[in-house]
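Engineer: Whenever a hint applies, use it, and build me the whole structure from the sequences.
There are 2 protein chains.
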Amino acid sequence: MKKNEITILGAGLIGTLMAIYLKRQGLDVNVYDKRPDKRKTPYDEGGRSINMALSYRGWKSLEEVGLKDKVMPLAIPMYGRKIHDEHGGTTFISYGKEEQAIYSLSRGKFNQLLAEEGESLGANYFFEHKCEEVDFRNQEITFQTPSGVKKMEAPVILGADGAYSSLRMAMQKQIRFNYKQEYITHEYKELTIPATPEGEFAMDPNALHIWPRGKFMLIALPNPDKSFTCTLFLPNTGTKVCFDKINDEHDLEIVFKSYFDDAYQMMPNLKKEFFRNPTSALINVECFPWVQGNSLLIGDASHAMVPFYGQGMNCGFEDCSILNALIDKYGHNSWDLVFAKFQKKRKIDTDAICQLAMENFVEMRDSVSDPKFNIRKKIEAKLYELYPNDWIPLYSMVTFTDMRYSEAYAQGKLQEGIMDRVMADPLITENWDKLDYEDIIYKMETAKAV
Amino acid sequence: MKKNEITILGAGLIGTLMAIYLKRQGLDVNVYDKRPDKRKTPYDEGGRSINMALSYRGWKSLEEVGLKDKVMPLAIPMYGRKIHDEHGGTTFISYGKEEQAIYSLSRGKFNQLLAEEGESLGANYFFEHKCEEVDFRNQEITFQTPSGVKKMEAPVILGADGAYSSLRMAMQKQIRFNYKQEYITHEYKELTIPATPEGEFAMDPNALHIWPRGKFMLIALPNPDKSFTCTLFLPNTGTKVCFDKINDEHDLEIVFKSYFDDAYQMMPNLKKEFFRNPTSALINVECFPWVQGNSLLIGDASHAMVPFYGQGMNCGFEDCSILNALIDKYGHNSWDLVFAKFQKKRKIDTDAICQLAMENFVEMRDSVSDPKFNIRKKIEAKLYELYPNDWIPLYSMVTFTDMRYSEAYAQGKLQEGIMDRVMADPLITENWDKLDYEDIIYKMETAKAV
Numbered sequence: 001m002k003k004n005e006i007t008i009l010g011a012g013l014i015g016t017l018m019a020i021y022l023k024r025q026g027l028d029v030n031v032y033d034k035r036p037d038k039r040k041t042p043y044d045e046g047g048r049s050i051n052m053a054l055s056y057r058g059w060k061s062l063e064e065v066g067l068k069d070k071v072m073p074l075a076i077p078m079y080g081r082k083i084h085d086e087h088g089g090t091t092f093i094s095y096g097k098e099e100q101a102i103y104s105l106s107r108g109k110f111n112q113l114l115a116e117e118g119e120s121l122g123a124n125y126f127f128e129h130k131c132e133e134v135d136f137r138n139q140e141i142t143f144q145t146p147s148g149v150k151k152m153e154a155p156v157i158l159g160a161d162g163a164y165s166s167l168r169m170a171m172q173k174q175i176r177f178n179y180k181q182e183y184i185t186h187e188y189k190e191l192t193i194p195a196t197p198e199g200e201f202a203m204d205p206n207a208l209h210i211w212p213r214g215k216f217m218l219i220a221l222p223n224p225d226k227s228f229t230c231t232l233f234l235p236n237t238g239t240k241v242c243f244d245k246i247n248d249e250h251d252l253e254i255v256f257k258s259y260f261d262d263a264y265q266m267m268p269n270l271k272k273e274f275f276r277n278p279t280s281a282l283i284n285v286e287c288f289p290w291v292q293g294n295s296l297l298i299g300d301a302s303h304a305m306v307p308f309y310g311q312g313m314n315c316g317f318e319d320c321s322i323l324n325a326l327i328d329k330y331g332h333n334s335w336d337l338v339f340a341k342f343q344k345k346r347k348i349d350t351d352a353i354c355q356l357a358m359e360n361f362v363e364m365r366d367s368v369s370d371p372k373f374n375i376r377k378k379i380e381a382k383l384y385e386l387y388p389n390d391w392i393p394l395y396s397m398v399t400f401t402d403m404r405y406s407e408a409y410a411q412g413k414l415q416e417g418i419m420d421r422v423m424a425d426p427l428i429t430e431n432w433d434k435l436d437y438e439d440i441i442y443k444m445e446t447a448k449a450v
Numbered sequence: 001m002k003k004n005e006i007t008i009l010g011a012g013l014i015g016t017l018m019a020i021y022l023k024r025q026g027l028d029v030n031v032y033d034k035r036p037d038k039r040k041t042p043y044d045e046g047g048r049s050i051n052m053a054l055s056y057r058g059w060k061s062l063e064e065v066g067l068k069d070k071v072m073p074l075a076i077p078m079y080g081r082k083i084h085d086e087h088g089g090t091t092f093i094s095y096g097k098e099e100q101a102i103y104s105l106s107r108g109k110f111n112q113l114l115a116e117e118g119e120s121l122g123a124n125y126f127f128e129h130k131c132e133e134v135d136f137r138n139q140e141i142t143f144q145t146p147s148g149v150k151k152m153e154a155p156v157i158l159g160a161d162g163a164y165s166s167l168r169m170a171m172q173k174q175i176r177f178n179y180k181q182e183y184i185t186h187e188y189k190e191l192t193i194p195a196t197p198e199g200e201f202a203m204d205p206n207a208l209h210i211w212p213r214g215k216f217m218l219i220a221l222p223n224p225d226k227s228f229t230c231t232l233f234l235p236n237t238g239t240k241v242c243f244d245k246i247n248d249e250h251d252l253e254i255v256f257k258s259y260f261d262d263a264y265q266m267m268p269n270l271k272k273e274f275f276r277n278p279t280s281a282l283i284n285v286e287c288f289p290w291v292q293g294n295s296l297l298i299g300d301a302s303h304a305m306v307p308f309y310g311q312g313m314n315c316g317f318e319d320c321s322i323l324n325a326l327i328d329k330y331g332h333n334s335w336d337l338v339f340a341k342f343q344k345k346r347k348i349d350t351d352a353i354c355q356l357a358m359e360n361f362v363e364m365r366d367s368v369s370d371p372k373f374n375i376r377k378k379i380e381a382k383l384y385e386l387y388p389n390d391w392i393p394l395y396s397m398v399t400f401t402d403m404r405y406s407e408a409y410a411q412g413k414l415q416e417g418i419m420d421r422v423m424a425d426p427l428i429t430e431n432w433d434k435l436d437y438e439d440i441i442y443k444m445e446t447a448k449a450v
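Quick note, the sequences are listed as chains A and B, same order. For the first sequence, counting from 1, position 229 maps to 229 in the UniProt record's numbering; every step adds exactly one. For the second sequence, counting from 1, position 201 maps to 201 in the UniProt record's numbering; every step adds exactly one.
Honestly, the hints are just simulated from the structure, not real lab data. Be aware that one or more of the hints could be misleading.
One copy or two, it doesn't matter: identical chains are merged, so the pair holds either way.
Claimed, not checked - Computed list of lysine-lysine pairs in DSBU-like fashion (alpha-carbon distance at most 35 Å, straight line): (1) K173 - K38; (2) K180 - K448; (3) K271 - K60; (4) K347 - K173; (5) K150 - K215; (6) K173 - K34; (7) K150 - K448; (8) K443 - K347; (9) K341 - K245; (10) K180 - K413; (11) K173 - K345; (12) K344 - K240; (13) K329 - K240; (14) K341 - K180; (15) K34 - K180.
Structural biologist: Written out as structure tokens, the structure reads:
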């Protein structure tokens, strides 16, 4: 085996994109996945979310590998959140400027497109290869396969094998590995709003629909077949509305009629889907170091986050882009250096987005239903319009730029403090359009200078 | 195998004490350890600390199983800290009231005493049995042994297998296990101050000796053979004085002569020991749940802490005592209930002591060398003397009572806030003895009521 043969663990979105980057660098790439080849068996994600929200960072990576135009036809732009209240009324809140959108994408087809692109560039794929052991010292990897155990050399390993990474588990058995895995109290279940009998979208397709209900929520993202994939987020147990307390069709009907009645009317298959589809957990993973000997963790394997900022895939794609740039810079014979630089630069940013994803859950399920939230967004949008270089709303920094997540986080916290003071005005609902916007910017600049 | 046969993983201090408790309950107990039998091979802890500091919680458990009198001859009381400054001067600071002490104990002999006591009560020990797999659903456990792989039924499993617990690793592979392991930047190495040529202790044996040097420290605990076991705590890397920068005898001599000269004069074997003994890592582990099916984690397996409060073993022994009381209460056929009650009650307390252990490192290596620290301790001692029911210093609550760690923590934080204000008086060094002590108590009671 050659020194420049790269072993990638995981043929998911991150692993397949990384394979493309590396093939374009002229490297030899073997991708291993424990699951069967998707092209030969029906697609089943075993409860993982089917819909992704592709935004700036993701598109930027796709553009780098020349795939933007191929992916665009699969993507549906969502220009804002459509908030559904308990009486069926809706409010639209833009994500950013008029033309700015995040893009709904189905995992299955997108993953296949990436895998095929890598294959056409010469990457080799091996399915039903479950990584059992990694011997960092001897640079060997052991797979369980349908035809028995295979042990092979692996001079360079990239672990893109997700939140339950085998490579990470192997690292954890080594000494001095800092590691945290945390399940939040909420779990999720996927449901569907199918196309109408006339074959049309049942709701506005160019929005991410949210039914925020305080401690829980339902969301819906559009699909090219004119259906919506819905995700229901509930506490697992212990609250008035939780998965534990929905045990039969009657319980289910009461919850949906009480809280999501407009959605309920569009979900003819709710009862079947609810009791057939798995209830899945939500995990946050942080660890360090990401490097052990010749191996590096990327994507969810090193920083699985909760899905509430829509950045999991985008952040993983940015990992690939940054890693690719470092390989460009330091060449194909300096993996130690490239990996060390990568983890040193990137960790602070993935910590920031993990934290933001956790915090954004409260915003999505609760704050968005507060009329003041909309005013706050409008004030920030106006600041952005008037002072585009000085005030970019946090959501926009994360979603529509490639500013480092850690910088977006710091700047966002600063702006949050200023906005809290602005919103404390009891007459803000009436006066928001007549504020002294220059003074707000001045306050922010002053706070920043301290 | 009978339903009341208990499998204990780990024949360390916690596993052997738990075996004694269970045998006294009339249960069948099998204890498995991956290491060889200590009685047949020389004692080697592979870098783990040899000296323990037994305090109230530990003694209480030993008393419950009737072992206090057997252990006492192995223990050396330490009534306070003896602080060594950089010029060889020393200051003694009492741990508590005059007769209150913590007890230095060597791990090896103590562990053997506990194992033999359990064996005499009928516990079975199996050494060189490395737990490879736990099948929670089928209640089976698989061991690697010198004579091959053994798979056996295990209706009830207690994981007392320490910071790198195999049982915990098996639980982590299950879903919804919250887990954190964190290495601190400091590591440690054990060294020795032998008895003098006259066969006497080289220093006061009734104190825990500390050489606090800000970012690092050396400590020493007495042994019955009139030697002291020293532990050097240094950052691993990146600071002026760190393990990475001590590469030869010359480096070592400079560090010891500069910072620990009085100790250095008593360490004839320093050079040999330093380069022979391993440098060991310090880990903090928190996880939840502690229960999976028929299995429960206890001691370091569920809450390994850094050693700076001297509570690791004491807390583990208290685990055993609390678990024993629950078995007493709910009987031998309600393991689910007993385990559920145990983790529900205990987690908040082990979180508190893990946190305190982390915080106490700063106190030991830094604060104790501040003259004001001594005054602070004196004021608190006086408050304790005047108002023994209202003000117990935090260290005393943790070390000399069996108050819940979480309550000690909360009360300690409250007292800390009051004391910070008392110590802010610029003339406190002169006036500490003339303070209005009643007013301090009043302030504390008021703060508590809020």
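Engineer: Output the numbers, in ascending order, of every earlier hint that fails for this structure.
Structural biologist: 3, 5 and 7
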